[in-house]
Amino acid sequence: MPVTKPDGALFDIKELTLTYQGGHYGLSLRCPRATAYLLCFSRQCAPADPQALGLTEADLQALHNGQSMEKGPYRLMGVPAGTFHAMPSFYGFSVAPPQTIQVWSMLAKPGGSITLYLPREAAAICHVPLRYSVKLQQNAEGTVLQVLLDKQYLEHYQPGALYYQVDQTGPVPLPASWLNREIPLAATAEQISVAPSPGAEQDYELVP
Amino acid sequence: MILEHDTIPAGRSAAPGAAEPPVIPDYAGTVARCGALLSGGKPDPGAARSIRLPLINVLLGQGAEDRHSLILRSYQDIWANNANQLGWLFTKDVLGSAQFADRLDNLSAELFLRQTVFSDCRSLRVVWYWDVMDDRFDDIFAAVRQHQPAYSSEELFFLFGKQHRAADRQRFQLRAQQLADWAEQTGRHMVLQSDVTEQYAYLPETAPEGRDSVDNSYRVAARLLTMMNSVSRDNLGNELEFRLLNHASLWTVSSVVQFKPNEDIACAVVQQLLKESIRQMQRPGNMTSVAEALCGRGGDYTALFREYLEAQGLLPEAPECLTCLPRTTEILAFEQSLLEAPRRGLFRRNAEERVDENRRAAAVRSLGELWTLFTQRYYGAGLTRLARQPTDAVEWFKQRMCRSLTCGEMVQQLPKEALLLRDKSDWQTDRDTRRGSLADCLHRAALDEVLPRLYTSLAVLLAQAMEELCQDARGFERLVEETRQALERDDLDETILRTYSTRISAIAAEKPQLMQLVPCKGAAALLEQIEERFALLADQQEELRLSLFDELDFRAKQGGGALATEAIQELFQQDPGKYRRLRLFDLPMADGSWCLLNQPDRLKGLNNTGTPFRIPRKDCVERISIYPVTAGNIIY
Numbered sequence: 001m002p003v004t005k006p007d008g009a010l011f012d013i014k015e016l017t018l019t020y021q022g023g024h025y026g027l028s029l030r031c032p033r034a035t036a037y038l039l040c041f042s043r044q045c046a047p048a049d050p051q052a053l054g055l056t057e058a059d060l061q062a063l064h065n066g067q068s069m070e071k072g073p074y075r076l077m078g079v080p081a082g083t084f085h086a087m088p089s090f091y092g093f094s095v096a097p098p099q100t101i102q103v104w105s106m107l108a109k110p111g112g113s114i115t116l117y118l119p120r121e122a123a124a125i126c127h128v129p130l131r132y133s134v135k136l137q138q139n140a141e142g143t144v145l146q147v148l149l150d151k152q153y154l155e156h157y158q159p160g161a162l163y164y165q166v167d168q169t170g171p172v173p174l175p176a177s178w179l180n181r182e183i184p185l186a187a188t189a190e191q192i193s194v195a196p197s198p199g200a201e202q203d204y205e206l207v208p
Numbered sequence: 001m002i003l004e005h006d007t008i009p010a011g012r013s014a015a016p017g018a019a020e021p022p023v024i025p026d027y028a029g030t031v032a033r034c035g036a037l038l039s040g041g042k043p044d045p046g047a048a049r050s051i052r053l054p055l056i057n058v059l060l061g062q063g064a065e066d067r068h069s070l071i072l073r074s075y076q077d078i079w080a081n082n083a084n085q086l087g088w089l090f091t092k093d094v095l096g097s098a099q100f101a102d103r104l105d106n107l108s109a110e111l112f113l114r115q116t117v118f119s120d121c122r123s124l125r126v127v128w129y130w131d132v133m134d135d136r137f138d139d140i141f142a143a144v145r146q147h148q149p150a151y152s153s154e155e156l157f158f159l160f161g162k163q164h165r166a167a168d169r170q171r172f173q174l175r176a177q178q179l180a181d182w183a184e185q186t187g188r189h190m191v192l193q194s195d196v197t198e199q200y201a202y203l204p205e206t207a208p209e210g211r212d213s214v215d216n217s218y219r220v221a222a223r224l225l226t227m228m229n230s231v232s233r234d235n236l237g238n239e240l241e242f243r244l245l246n247h248a249s250l251w252t253v254s255s256v257v258q259f260k261p262n263e264d265i266a267c268a269v270v271q272q273l274l275k276e277s278i279r280q281m282q283r284p285g286n287m288t289s290v291a292e293a294l295c296g297r298g299g300d301y302t303a304l305f306r307e308y309l310e311a312q313g314l315l316p317e318a319p320e321c322l323t324c325l326p327r328t329t330e331i332l333a334f335e336q337s338l339l340e341a342p343r344r345g346l347f348r349r350n351a352e353e354r355v356d357e358n359r360r361a362a363a364v365r366s367l368g369e370l371w372t373l374f375t376q377r378y379y380g381a382g383l384t385r386l387a388r389q390p391t392d393a394v395e396w397f398k399q400r401m402c403r404s405l406t407c408g409e410m411v412q413q414l415p416k417e418a419l420l421l422r423d424k425s426d427w428q429t430d431r432d433t434r435r436g437s438l439a440d441c442l443h444r445a446a447l448d449e450v451l452p453r454l455y456t457s458l459a460v461l462l463a464q465a466m467e468e469l470c471q472d473a474r475g476f477e478r479l480v481e482e483t484r485q486a487l488e489r490d491d492l493d494e495t496i497l498r499t500y501s502t503r504i505s506a507i508a509a510e511k512p513q514l515m516q517l518v519p520c521k522g523a524a525a526l527l528e529q530i531e532e533r534f535a536l537l538a539d540q541q542e543e544l545r546l547s548l549f550d551e552l553d554f555r556a557k558q559g560g561g562a563l564a565t566e567a568i569q570e571l572f573q574q575d576p577g578k579y580r581r582l583r584l585f586d587l588p589m590a591d592g593s594w595c596l597l598n599q600p601d602r603l604k605g606l607n608n609t610g611t612p613f614r615i616p617r618k619d620c621v622e623r624i625s626i627y628p629v630t631a632g633n634i635i636y
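If you read the protein sequences in the order shown, they are chains S and E. For the first sequence, the working numbering assigns the number 1 to the initial residue and increments by one for each residue that follows. For the second sequence, the working numbering assigns the number 1 to the initial residue and increments by one for each residue that follows.
Worth flagging that the hints you see were computed from the coordinates, not collected in a lab.
Simulated coverage check for chain E against chain S, where a stretch passes if three residues somewhere in it have a Cβ under 8 Å from a Cβ of chain S:
#1 309-321
#2 324-335
#3 362-375
Not close to chain S: a few residues of chain E, all C-beta gaps over 10 Å, as computed:
#4 A28
#5 R49
#6 V460
#7 L606
Where a beta carbon is used, it is the ideal one built from N, C-alpha and C, also for glycine.
Isolated chain E, as found in the complex (with noise of 0.2 Å):
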């Protein structure tokens, strides 16, 4: 079960007198945007389609505003980033009537200038998103009835209303029937939509970005409009644009539409990560010791450092100045040194390998100054970026102990490992004196210097790590137990469960290190570390970012369930007078209907599906039918 918000469980809240208070764990949101991850949500860019005629969008009413970002992302789901160029006009801008048609010229001529953006600027495009339950509905109305379309523009009103109580019902009938009268004798083209069925009921909403009934309607318009303003070479848009816009002045909508299950799918995958998650804790130990589970045989510290620096792309690399430095006696003397076979030496030929070391310490030394601010500038980033960013190498730390050690290791071991890394100053680095050219024995004579400097940065950083890590690894294990079942859900559908356990086991049998979560303090940072987790699976599976189609059958194939093509057929056959639309004494045939999803060609051997309109969005499938109607053939 989704707990919305759960507290931090007793004994694990925040110590009394501690300044800051416990942050509430948000379960339902962690796996909120674990869903969102799913989506398939990067859209395919290719698919994205160009915008016709530059679009102005008229937000009326509270309704409507309060869902710009609704509308615009419906539209940069179909238009990517130039969705982003449109013009956006609200309620204060058309109650101050004196000053809105120029508002309205001054954006025209900056969205004609966007050529690149819109294919066609020879004319434009207005459409008005009108709340009209909104208790300013006189004044709007007014203010609109004032309004005198540019002889240039195609105007398009979209009505939203609330009625599903019997009081906005009435107040519903009356402005709709206003507005219808009006568009009647002024020719304008309305598409009023109403957020109850046939039977007065509110629909269960399965879109993640629709919550209610009446989202769902703002989200149809949306992308009604995107049909028609698309830049199309099958002109479905063009057929839906000419019926909307040259026959009658008054239309419905209705809606199917869906959705991959997501959420659902992002809860069992994890649900099944905190399971795997939890068997890795329980690991039997099999560690001699903390240094040798860290670093491999002989447990040296400096390896282990060394991979880190390397990892991070921190151990300095030999600038090409090195060549450029003052010829002083000493570093000419140590050159002809190393040009030189050596004469002496009971071991001649490790004799000829290694640099005398004496002169190279001359010719260093002869440097004085100049060769310190030389380390410092090509040698010091490293240390810098310790100073600066310490967190990433405690970070780097934990996950590697959490990759070797156990929880009940990580609490009896670490606090004296700790102390012994605090307590060593002396890290040196096998001095590297083989023989090269100059610029290598110098280059190391660099290293030899700023090494053990490096080495003792990181030793404090892991003594911290592992501190950190000892003291949340008490109870951590339960704290996963915890949250996991926090996250269970009952209504989890069985196929979804059973299929994405299964691959989430196998993933971890692979690949153990995905499920490695690091101990932390509190469920808010370990749902932190979950979606961090979940993301990076995400990234790496691509059978987790499948399309609707793909996914249904990727079931079917796993752990049962319908195939893609019988799930669309049965979501097509539905009666689609029971969706969202104006409730009317007939309803007359569609002949208009559009389904829009991201692969046309699964809709093959399907009927009533009505004309397919390819969308980049890859995680819903939609069909969208429009009616036209009289005012007198609405029941309020």
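Isolated chain S (complex conformation) (with noise of 0.2 Å):
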């Protein structure tokens, strides 16, 4: 079977781990016995089930060399082991916030057949969040709000995704329309707080 779940420990992934360093995203794990591993990136959809993807054969080949593949609303990318190894963290990724990434154990047996592993409890998986930061400006007349996200990575933003909130009012949801710019309030700093929507909280990360 190209896609199966392993019998022992030797193929799960472990303390999979996930860096920031210089503006780039970096990925450490621990997995004996892989020869390669599959990424997966997605972005607001249900994590992926490896068996549902409908990969063949010459896909998981094309993939335990290194290749890349889109599947539906995932992107593949395998990562042969001794590259993603290299370092201490691999970096030879792109991503774009907010993202999913799940990691997946490969193995090239001695016959050239390549066996995906499924996760065998819980799956290895990390979000890759949006990072933002809160600007407050108190004047005369209350304070000047503003919520600052990347602008390469507003078209990712959903709408309502991030809310501001006086004191214990409900919170009024932000549009990307409303992101990177002023939002003159009636209130003090303290009295304002900025926080990801409930279901978005491992997607959006605020930067101190």
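Take each chain as given, in its own frame, and dock them per the hints.
This is the structure:
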């Protein structure tokens, strides 16, 4: 079976960690026996089920050799284990947050056949959040709020994913057109808070 | 007459080639379910008793296992939800004898931990419900003989057997004798119950939960257990326990029970409900237009829609955070205009009360997409709910139309009205431009946006309700009459029929909407609706949920019949010998007789009733007598 569940823990992805350095995201993990990894990038959709992706043996072969391909809403990228572990963290991928990355292990058997292993228990998954910052400027009339987001990621912003709130009154959802601009509010800076809406917490991260 | 399995009348069956087979209307089931609602079924929770010792029930043989739920229900009558915390073991547990002791131990340990359920966790009670006519009797008996009761447990065996047929009697005799001998040798305590009377005749069973004689024996056994194992200040259970567990090892029990005739009452009520409904359908129509009939003078559908939105809580309220929207230049200008008195206008007073609409529109426009998102979040709930649950609105509209239109009017008028509604797309609200705070004005602006969309959705649903109703109204009157006839019973007690027909007529005059049926297709759908109507009636009318005693008195006052005292006296005067128990050569004088009922003070002045034992269940009175017997005294 090209896509199967392993019997033991040898193909489990362990200690999957997302790092952020110098404006780039990196991944590190531990998996003793894999000969390659398959990274699956997705946004605003359910995590992928490897068995439902319709991967052929040729696809697996290509992915094992380090190629990339699209399968529906998912972007797949194969990384040979040697390349992945050449440095403490692997930075050789591009990501446009907010995005979800699933990682699966692969093994090339002596005959040349490739096996993609399903996670046995919890899936190896990490979220690359879209980073935003908040600027508050108090003046005589109240406070000017600015919610700042990198312009290159603005197109991925979901309307209403971030909101502002004054004290305990209800949240006011923000559309993309109200980001990176001044929002004059009749409140003190201490009264104002900005947060991701429920369900979007993993996709957005506040940069202090 | 109630038809057990009627089919859909000719001409009303599903069209040939239709995918779904016609549903068979369950007339008897409908009456039974309606009757169950009158049992005063929600027992008085304050009267529920606490369970004394942890109790494990061992059900042996198919007959006993089949009555698991019946036994549990009998426990629940007295112990309410605590009855769900008891332990249960079955034949397979006992026949796997190697593990039985372990299973019993584990279960006991589990029960001992439930100290909030059982008031005394120092010992355990094990009760065996044993169908001795089961084919595996020899294996079961061998396994039971091997079992050694733990020192801290008290055991009681209830043995049941059918012996109505001669062949059964021989088998029953053989097994009963074996068990009686074993009980005598080992000092085990047994209650042996038979399913026949002195005359080898079955008695008609009136208990709603006991459809045959053997069922009744199991129910009586469960009742004895609840008496013995309840915490009671009057110590009635202790006396029974002392008798059963400290004297003779073999007993038999007889019982006499009277239930409130819930099904008969339900039948009479349903009959009258249908008659009243037909009467409503036949009332002369006086409609000028559908819109006016539904919405009052002027025939403004938006008034009807607003009534629905208010009734369902779908009319959006002003969110607190309306005051926290961005203070754009336009918003500030609009707010300023609200604070300033207008300086122009011929009708100065009127001008003062109105907002500057241009400024309001500019203020809203200045918020752009933020306003759209905001109104979606705080004002869009109604639209979402209408889209998700359209049937709620359709049903509500149908109810409203049934209140105002006759079946004839539905058939004639509704199709064109539905077309008009579907064609209309420009639903406007009267723009509310009154002055107020900034938040008030923004709230009204949001309503002006969302209400026309809500009205458009509701108009489509109203049109759908009209089309469905028009279709179902054809021949509905005939369907109701046919259903009424199918539910009719010749053997209904005259006093019940008279009392409840009069009462339901009076309710119909006072609250006609309670009798109102919505046209539907097929008897099965109608029966479903009758059950819903009936549940509403039973919930609202306390006299339908009276206790057995109060119901008898109610009927005596309303429509004749015996008063409760007389009726109960008559019941207890009957010869207890003819009730189910073992046949004996001579019946020992029974001084162990209990009367289980909800209102013990109603027995004052009655003789021969036994010691009263209060139970939470209101719709029955039961007398249980126990007799010690010897094996040689039994006639098989």
